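Fit chain U to the supplied structure of chain B, relying on the hints for placement.
Residues per chain, in single letters:
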Amino acid sequence: MLKITRFGVAAALALSVSATAALAQDIKAAFIDPLSGPFAATGSNGLHQFQFAADRLVNEKGGLLGGRKLVVDGFDNKTSPQESLIQLQVAIDQGYRYIIQGNSSGVANALTEAIEKHNKRNPDSRVLFLNYSAVDPALTNDKCNFWHFRFDANADIKMDVLTDVIAGNKDIHKVYIIGQDYSFGKAVSAAANAMLKAKRPDIEIVGDELHPIGKVKDFTPYARKITAAGADAVITGNWGADMLGLGKALVANGYTGPVYTYYAAGSGITAAFGEAGKGVIRLVSEGQTNPPVSDVASAYYDAYKAKYADGNVDQTRITNTIAMLAAAIEKAGTADDVVAVGKALEGMELDSIWGTKLFMRPQDHQLIQNMHILQHTNEGVTYDYDNSGFGVVVESTVEMAGMDSPTTCKMDRP
Amino acid sequence: MDLVVINLIDGLVTGLLLFMLSSGLTLIFSMMGVLNFAHASFYMLGAYFAYQISLYVGFWPGLLIAPLIVGVLGALVERYGLRRVHQYGHVPELIFTFGLALLIEEVVQFIWGKNIVPFDEPELLNFALFSIGGNAIPAYKVFMIFISIGIFLALLYVLTRTRVGMVIQAALSYPRTVEALGHNVPLVFMGVFGVGTALAGVAGVIAGPVLGTFPGMAFLLGSIVFVTIVIGGLGSLWGALVASLLIGWLTTFAATSTFEFASLLTAIGLERPEDLSESYIRDLWTLSLPQIGPILPYILMVLILVFRPFGLFGKRDV
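Respectively, the protein sequence lines represent chains B and U. According to full-length UniProt numbering, the residues represented by the first sequence are 1 to 414, in order. According to full-length UniProt numbering, the residues represented by the second sequence are 1 to 318, in order.
So that you can see chain B by itself, here it is in the shape it has in the complex (with noise of 0.2 Å):
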């Protein structure tokens, strides 16, 4: 009995050893979305591209600093700005140091706000906010801080992309904004009103309004009053299920014109619009993958079809955001000292697998990258999304674009 209880006691002993050590190895980072709920596709598809990337360009290739590993962890929020910070609670007293968020401004807001409080409070427990997807201007001007990186571009340089291809479009001239009711969707109104009367000063805002975010349960009135107004094109930041509902409403009630937008391909919403979306969804993003750009790229791609089949390469940045944390880590020498950290992935340049250059920019965090108007099609399509068969294919691109776009951000430096 005695030695069995011995043996029991020293086994539970070496275990935890060997798991603490384990635990020190690993660089960990918290990703903070909506695993639940009306978004739950959304955080869940980023998650696995995360941990895919994690896996693929350090894991595989033998980590970090001489073989640590980075491992992504899901927490979920629910969309929720008050769950968010109780999550980067969470996150900070298990040990995390690096904070990965992205779907809604909102939370991306409060986080990075509690993560600088955190920050100067706690010098011994920093930790640094990649935010991959949260696109409201403010987080890199006004609400700036040392701690948030940004690896998607925010909405104005896209909306700058896209008023570009509006105002070459000459059959354009009454155009209807509509966006989800929070900062971001106020922020793509704000900046489509500023920068079409600028290019094109003969086109007709012939509305601009806010839905509740996640609450529409049917966007047939939206779409009846868009076409009542005789609007051309439709400019929306919708995301989600929110995308899927306001374009499948406009199509199944008579709108034939285009709708530019942010967010809608990949997580279900790509088959869900199927030939409906056809000639009609244009999105800018950042990454090409239709047609692919290079064989690295396109091996990327099969391994990770090949890991998640129903799954989709949809947001490249996360691609982005791992390499580039993965080449700052390896310059600083460093995981746990994050201020030396983010000094390495200030101003940093980096060449993505996607085909295009990276720079962050040291005077806002901003990621500057080249930026591409997207189609919605099933022709020339090498990766479709949700197996489908449509796929979005690269219509025009914008060579690093916002790279001298101006920024109110003053910065404080560790």
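The hints are simulated quantities; they were obtained by calculation from the structure and are not laboratory data. Keep in mind that the hints are not guaranteed to be accurate.
Said to hold, decoys possible - Where chain U lies over chain B, by a calculated footprint (3+ residues, C-beta under 8 Å):
#, stretch
1, 162-171
2, 200-212
3, 234-245
4, 286-296
What the hints assert, rightly or not - Keeping only pairs whose Cα atoms sit at most 16 Å apart, straight-line, the calculated EDC-like set for lysine to aspartate or glutamate is:
#, chain 1, residue 1, chain 2, residue 2
5, B, K186, U, D283
6, B, K410, B, E346
7, B, K78, U, E106
8, B, K197, B, D181
9, B, K143, B, E116
10, B, K410, B, E116
Unchecked claim - One-sided excerpt, in silico: chain B residues whose CB lies under 7 Å from chain U:
#, residue
11, P38
12, A40
13, A41
14, Q82
15, K215
16, K217
17, T220
18, K225
19, A229
20, E346
21, G347
What you are looking at is a predicted structure, and each value in this text was computed from that prediction instead of being measured. Note that CB positions come from ideal geometry on N, CA and C, so glycine has one too.
Same frame as chain B, but now just chain U:
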């Protein structure tokens, strides 16, 4: 004017869809006193089952089979779940249905994933029937209207003109007397629960292609269904119908209106301040009716509860 006609049609579609959900819920509630939180989850199951069936044999068999499966599932839940919990009182029943709703959502995510599944209208109905001022009315919507009205008439007939309906109505008000007369009341309960959930299943099948089939669909519709039965009056089929249509039209018209509260404020003689952040009512200056559209049904519910607590057509107190 065109937009008004279009809105009437769209509101009718939304309203009738709500009715199919609320009719089952109101019957179940009035009969068993159970607020079935999982009702909208059965609606979601209907959509997912129909999607799965449509992959093999197309949309039409799914329209028939999926609600049947949902109904049988509902009856089983009543027989082996609710009936056992019933003896412990109403609170455990509430918790049971609440847990069931969470469980169904997880199961759905487990089987079909978190993505939106591509569940589409049948080819046969995938065209615009007619259009008013550039706004197309898809044939599928007209089909939805006919299905819902058909179900309403059938329910009305069964409840008021048949022997089964009489027993159900009697069991609603005097369950013990009905039992004493030799009727199997637990069986009636099980039947009503099954039919109620099957109705939710039908709603799911026909709404899935239009509103999107995804794990959040039950959550989106869940609360509004309760609002409907409170407004309509518990246990009243007509109440459920009128309240559903009312909510359908209310939300549709609110969403398409361009009314801004700023015009109301100027009408009563206020002037828009230069700097809105200084104003106490700054939110009112920038608010428009479409923005508050989704909360209008809830405001209506509060008003009903204040002025007519048993609902529009209800006979007893909430």
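To see whether the hints hold, each was checked on the structure:
1. 162-171: The restraint on the stretch 162-171 of chain B is violated, since only 0 of its residues have a Cβ under 8 Å from chain U and three are required.
2. 200-212: holds (count 4)
3. 234-245: holds (count 3)
4. 286-296: Check failed, 0 qualifying residues.
5. B:K186 x U:D283: Judged against 16 Å, a Cα distance of about 15 Å means the pair holds.
6. B:K410 x B:E346: Holds, because 14 Å separates the two Cα atoms, which is no more than 16 Å.
7. B:K78 x U:E106: With a Cα-Cα distance of about 14 Å, the restraint between K78 (chain B) and E106 (chain U) holds, given a limit of 16 Å.
8. B:K197 x B:D181: violated (22 Å)
9. B:K143 x B:E116: holds (10 Å)
10. B:K410 x B:E116: holds (14 Å)
11. P38: holds (4 Å)
12. A40: holds (4 Å)
13. A41: holds (4 Å)
14. Q82: violated (18 Å)
15. K215: holds (5 Å)
16. K217: Nearest chain U Cβ about 5 Å off; hint holds.
17. T220: Holds. Min distance 5 Å.
18. K225: Given a least distance of 5 Å, the restraint on K225 (chain B) holds.
19. A229: violated (9 Å)
20. E346: violated (34 Å)
21. G347: violated (37 Å)
Against the hints set out earlier in the document, violations occur for numbers 1, 4, 8, 14, 19, 20 and 21.
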